[in-house]
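Here the protein sequences line up with chains A and B, keeping their order. Reading the first sequence from the start, the letters are residues 50 to 309 in this note's numbering. Reading the second sequence from the start, the letters are residues 638 to 939 in this note's numbering.
Any given hint might turn out to be false.
Simulated pairs of lysine to aspartate or glutamate, EDC-like, Cα-Cα distance not exceeding 16 Å [unchecked claim]: (1) A/K303 / B/D707; (2) A/K140 / B/E723; (3) B/K779 / B/E762; (4) A/K140 / B/E730; (5) B/K767 / B/D707; (6) B/K866 / B/E936; (7) B/K766 / B/E755; (8) B/K847 / B/E656.
Covered stretches of chain A, going by a simulated chain B footprint (3 or more residues, C-beta under 8 Å) [to be verified]: (9) 58-66; (10) 149-156.
Just so you know, these hints were derived from the structure itself, not from any lab. Bear in mind the structure is a predicted one, so any value in this text is a computation, not a measurement. Each residue gets a CB set at the ideal place from its N, CA and C atoms; glycine is no exception.
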Amino acid sequence: MTRSTHQQNMVAMYTLFRKEVVRFLRIWPQTLFPPIITQSLYFLIFGKFIGSQISDINGVSYMAFIVPGLVMMSVINNSYVNVAGSFFSSKFQRSVEELLVSPAPNWVIVGGYAFSGALRGILCGLLVFAVSVFFTRPVIHHFGYIMVFIVLTAVVFALGGLINGILAKKFDDISIVPTFILTPLTYLGGVFYSISLLPGVWRTISRVNPILYMINGFRYGFYGFSDVNILLSFLILILFAAIFTAVIFYFLGKGTGLRS
Amino acid sequence: MNQAISISNLVKTYANGTEALKGIDLQVEAGDFFALLGANGAGKTTIIGILTGLVNKTGGQASVFGHDIDHEHNAAKRMIGVVPQEMNFNQFEKVEDIVLTEAGYFGIPRAEAASECEQLLKRLELWEKKSQPSRNLSGGMKRRLMIARALITRPRLLILDEPTAGVDVELRYSMWDYLRDLNRNGLTVLLTTHYLEEVEQMCRNAAMIKDGKIITNDSVRNLVGILEKETYVVHVDRVTDIGPLADINAQRVDDNTFTMELSKGTDIAALLNKVSQSTGMSIRDFRPQGNRMEKLFLELLK
Ligand SMILES: Nc1ncnc2c1ncn2[C@@H]1O[C@H](COP(=O)(O)OP(=O)(O)OP(=O)(O)O)[C@@H](O)[C@H]1O
Ligand SMILES: [Mg+2]
Chain A
50 MTRSTHQQNM
60 VAMYTLFRKE
70 VVRFLRIWPQ
80 TLFPPIITQS
90 LYFLIFGKFI
100 GSQISDINGV
110 SYMAFIVPGL
120 VMMSVINNSY
130 VNVAGSFFSS
140 KFQRSVEELL
150 VSPAPNWVIV
160 GGYAFSGALR
170 GILCGLLVFA
180 VSVFFTRPVI
190 HHFGYIMVFI
200 VLTAVVFALG
210 GLINGILAKK
220 FDDISIVPTF
230 ILTPLTYLGG
240 VFYSISLLPG
250 VWRTISRVNP
260 ILYMINGFRY
270 GFYGFSDVNI
280 LLSFLILILF
290 AAIFTAVIFY
300 FLGKGTGLRS
Chain B
638 MNQAISISNL
648 VKTYANGTEA
658 LKGIDLQVEA
668 GDFFALLGAN
678 GAGKTTIIGI
688 LTGLVNKTGG
698 QASVFGHDID
708 HEHNAAKRMI
718 GVVPQEMNFN
728 QFEKVEDIVL
738 TEAGYFGIPR
748 AEAASECEQL
758 LKRLELWEKK
768 SQPSRNLSGG
778 MKRRLMIARA
788 LITRPRLLIL
798 DEPTAGVDVE
808 LRYSMWDYLR
818 DLNRNGLTVL
828 LTTHYLEEVE
838 QMCRNAAMIK
848 DGKIITNDSV
858 RNLVGILEKE
868 TYVVHVDRVT
878 DIGPLADINA
888 QRVDDNTFTM
898 ELSKGTDIAA
908 LLNKVSQSTG
918 MSIRDFRPQG
928 NRMEKLFLEL
938 LK
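Start from the sequences, fold in the hints, and give me the full structure.
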């Protein structure tokens, strides 16, 4: 059977996507399970034990308030780590050459990694959300917003992870960004509080944190309120997706970290 | 297009300053079985890396079946199946998955590639191992896996970078048979090797590179013709007068050793008899001197 080049490229992208999904599903105790444990602890300690002492925020219980942020936290982290780790290890084992010698264009590589990484992030987010149902009753203000924000965020961080995987030279290099950038920005991005509760200067500083916009956009889908403009949140995600994609195409075109 | 590979003035200088290729010109015709020869570090793998998209060239042009690697590298890569010098598959992935995934990257869906994969793995005696993670394979099996992975993509040009390194004798012969078969059915083959016998057995044409430059490009018949004479090392009780052996260019090495040059097809038993009779030396042992590939190399450098 003969296929057009475009059809062949779609087969290639699906092959890469499938391979990546099979990989993280096979090692699910390392990839899907940990966020359930950690986020459950947050629900228990912050939501239940401490949260019971905290008054409602915009009419939403503290427990319910932190659910979207905690879901988003695992989406961000897992999308990123999935791609960074998998891509780096394929470089390390040199199996990335299987892809590099193939006729698959760069957009196939970007799509295959971005979508599979995003899927891992979204699955982790769904699992965490499922756990939250044991602690609080879910409310959904606008399902469309929820979907748009979770998918876009997952894709953006999967792309970010790909950049990290391309540039990483040793295993340590793939944990630097999650530890020193993503985790602090997520904690400070309003997972546990509304920035309207912060003193003025902290509120201003918080507004340069892109993750604040993603979490608030996502939370808006549940409760219909946000610390920031939702359109702005959306545009920031699109902007990051565009910048990351451009950076990846630049690196893949030059062969940075891949071709000598 | 009847050129499978067309390379002109190809230059590669690695980031650390190593000038691996200093202006390579090379043509390989479609249907040829071509050997790329040269000592360690000559630049063979670098040429292959540039064709297959693993190395960025510094200058020059290359095309594969008319597809220029600057403008249509993906189309060029579609033509090539490559068996690399070093193992480069995921150690934890199953044998069958490694082959089917590569098919997928080349645009052949898994289900469609499955039966071809079965045939290839059976032909290369890997079918029993299909569900094993690749790290459980022996070195020779890993090489065969890489051949299966290259062939599943239905290439028109097969490039093998030292395919028989570390492969036992029996298997080497069956691999030669297989490659000859594939070539007979129209596949163009380019291989690198350090064994002259391999070249004589399979290849029609060969180029020798040294320090990033082609020093010879000729038919294998002509190249091997250079080696009309072979040198033998002879151990004797004591080297006496070797004057009578001038016709075989005898050269004294030490008190117990001399060398002689024999044309192909010489009756060695008769010759040895003649040697001991005409000089009175008693022969303890004799053997061909060293690697014929090295010898060819030295001849070419003269
Ligand atoms: N990634 C690299 N970075 C720097 N120098 C390199 C790199 N790869 C190869 N070289 C150098 O380029 C030259 C040619 O190497 P190449 O691997 O092409 O040789 P080869 O002919 O394949 O040798 P062998 O028979 O040992 O496989 C050598 O001097 C080598 O050290
Ligand atoms: Mg080599």
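Hints breached by this structure: 5
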